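A.B. asks: Each chain, written out:
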Amino acid sequence: MITFDNVSKIFKRHTVLDGVSLAIETGERVALVGSNGAGKTTLIRCLLGEYLHEGMVRVGGLDPRANRKVVLSRVGFVPQIPPPLKMPVGELVNFSAAVCGSDPDRIVAMVRELGLDWDRVRRLPFVKLSGGMKQKMLIGIALGRDADILIMDEPAANLDPEARHIFFHQLHERKDNAVMLITSHRLDEVAALVNRVIEMDQGKVALDDRVADDVEMTARLDCAIRLTRAESAFAKAMAEWRFASDDGGINWRGVVNGPDRLRFLGVLARYAGLIAGIEMK
Amino acid sequence: MNALWLTARLDIAESLRARWFMFYSLVFGGIVVLLFVFGLTESRILGFTGLSRLLVTYIQLCVAILPIFILITTVRSVAGDRDAGVFEYMLSLPVPLHAWFWGKMIGRFVVVFLPVFGAMALAAVYATVRQIGVDWSLFVLYTALLVALAWAFLGIGMLISTVARSPDVAQTGAFLIWLGLLLFLDLVLLGVMIREQLPLELVVGIAVANPLQSFRTAAILLFDPQMLVVGPAAYVILDGFGRAGYLAFAIAYPVALGTVCAGIGYHLFRRGDLP
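Line by line, the protein sequences are chains V and L.
End of the first sequence sits at 281 in my numbering; the numbers just go up one at a time, nothing left out.
End of the second sequence sits at 275 in my numbering; the numbers just go up one at a time, nothing left out.
No wet-lab data here; the hints were simulated from the structure.
Small disclaimer: the values here were computed from a predicted structure and weren't measured.
Treat the hints loosely; a few may be bogus.
Unchecked claim - Pairwise CB distance ranges, derived in the manner of DEER restraints:
1. 270(L) <-> 233(V): 51 to 57 Å
2. 132(V) <-> 270(L): 35 to 41 Å
3. 30(L) <-> 12(V): 41 to 47 Å
4. 179(L) <-> 105(V): 50 to 56 Å
5. 117(V) <-> 117(L): 36 to 42 Å
Claimed, not checked - Calculated from the model, a selection of chain V residues having no Cβ within reach of chain L, i.e. all distances over 10 Å:
6. 13
7. 49
8. 119
9. 226
10. 236
11. 261
Cβ coordinates follow ideal geometry from the N, Cα and C atoms, glycine included.
Could you put the whole structure together from the sequences, leaning on the hints where they help?
C.D. replies: Written out as structure tokens, the structure reads:
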């Protein structure tokens, strides 16, 4: 569905993309990882038809620059840094729906599902929303229409656990009929969402690997943790994951979203010396 | 609704919430209020009294501050939006580039022109209510001149925003262009050039090409038939164009200049990196 053929991009004699060639098919969920300056954002901007470049980019056989309307109608994009728009949220939703030829009520329904109080935020300037609210709005605009190419830059970074679960559920519903391109600095943030990992380094593809994952995106894992002793720092970390203890901080119970388990285990790793047992099922 | 009008409406909604717009509206509204407060409608200049006197003064103030206001606010918001990632997101939506660029231009024209016109219109309404004489032909002519001036500098601003890759460069470029045009007004550097006996064609050419000069000359033309304050270059130009011809030129030329500048800006925008 998407092909990059020997794509290069040079800014003032600095090569940001260096002969990137990739083919991504429907049903693939790609983690695009790499450090700052690796070329992830530039590659996405080439895909969105926003940058001129050498080589060829095709989406469904079309050049995204020359066929903006057709190609971008299929794309749902969530940037890492929300744009500082002063317009009211309702105005942004109406504009997005109108240019995409979709129904604004679908976007509103999606935003509500993600846990945003639409009646409260619709008249607020977008820029005044909190980080999490902005992210929910942008996800709502991307998923509240018939987009089959989802391009998301650290999409779940500011979401609360419940919104993350709904977001993962939405991605799961589309996983067989869409292409997902999810960028991140860290693989553990997105590893469980994807079935393919592309790592970029200095403008080149450094790694292109398939991932086997037996846990569904919509799965929720019951988790029990036993500590050797109570520890306030651990209690604080668990509170962020909405875990609870009924014996003063020795045994902890809670639920972890399937795609979040790697991130969760990363948090637990910081307290490895305290942990007497873990069970996830 | 058409993507162009959607973009224009969006830009208007965006601008109405910006601080610059509040300040901008206050400045022009404030000028009219101050002119009334200081009793300008009661005084007389070159035969003008009543609202005509106020309009003449208002239009002279506009030529000094309107262009720089339009240039700075346009380049700050357009180049600033690109710098802040607004273009990256908004242009990931399937809005055609021509609709985005010209929609922004139209939306911006509405927000820069309406406060200036609104202040003038309110003054006219107030004068009518207070039974102060209103010269409606002067009012219509000044409205047309303001449209032309606003469009010219908006086009220049859009061109600068496209060429400059950062808000700072765009702002500096806008300021230098305004300063250049201001310095080449008839009574400033052009006067020096004439005194130094530089070729008359060059001096007249610069005067004709300067939209500030055409606006100023057309505005003055109506109340200074002896052309005591018009300046030597304008005197020569007027001699060639005639009064009606010059007024038509002073309206058509800035509109054409703004459209050409914006057209070049659009061409560069369409053929370059968008964000």
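A.B. asks: All hints, please: hold or fail.
C.D. replies: Outcome of the hint check:
Residue 270(L) and residue 233(V) have their C-beta atoms about 55 Å apart, which keeps the hinted 51 to 57 Å range intact. Range check, residue 132(V) to residue 270(L): Cβ separation about 36 Å, and the 35 to 41 Å hint holds. Range check, residue 30(L) to residue 12(V): about 45 Å between beta-carbon atoms, so the 41 to 47 Å window is met. Distance hint for residue 179(L) and residue 105(V): a CB-CB separation of about 52 Å, consistent with the stated range 50 to 56 Å.
For residue 117(V) paired with residue 117(L), a C-beta distance near 40 Å keeps the hint of 36 to 42 Å intact. The beta carbon of residue 13(V) is kept farther than 10 Å from every beta carbon of chain L, the shortest such distance being approximately 15 Å. A Cβ of chain L approaches the Cβ of residue 49(V) within 10 Å, the least distance being about 8 Å, so the stated non-interface status is violated. Non-interface call for residue 119(V) relative to chain L: holds, since the shortest CB-CB distance, roughly 19 Å, exceeds 10 Å.
For residue 226(V), the non-interface assignment is confirmed: its Cβ lies about 46 Å from the closest Cβ of chain L, beyond the 10 Å cut-off. A cut-off of 10 Å between C-beta atoms confirms that residue 236(V) is not in contact with chain L; the least separation is 33 Å. Look at residue 261(V): its CB is around 31 Å from the nearest CB on chain L, clear of 10 Å, so calling it non-interface holds up.
Violation of the numbered hints given earlier is confined to hint 7; every other hint is satisfied by the structure.
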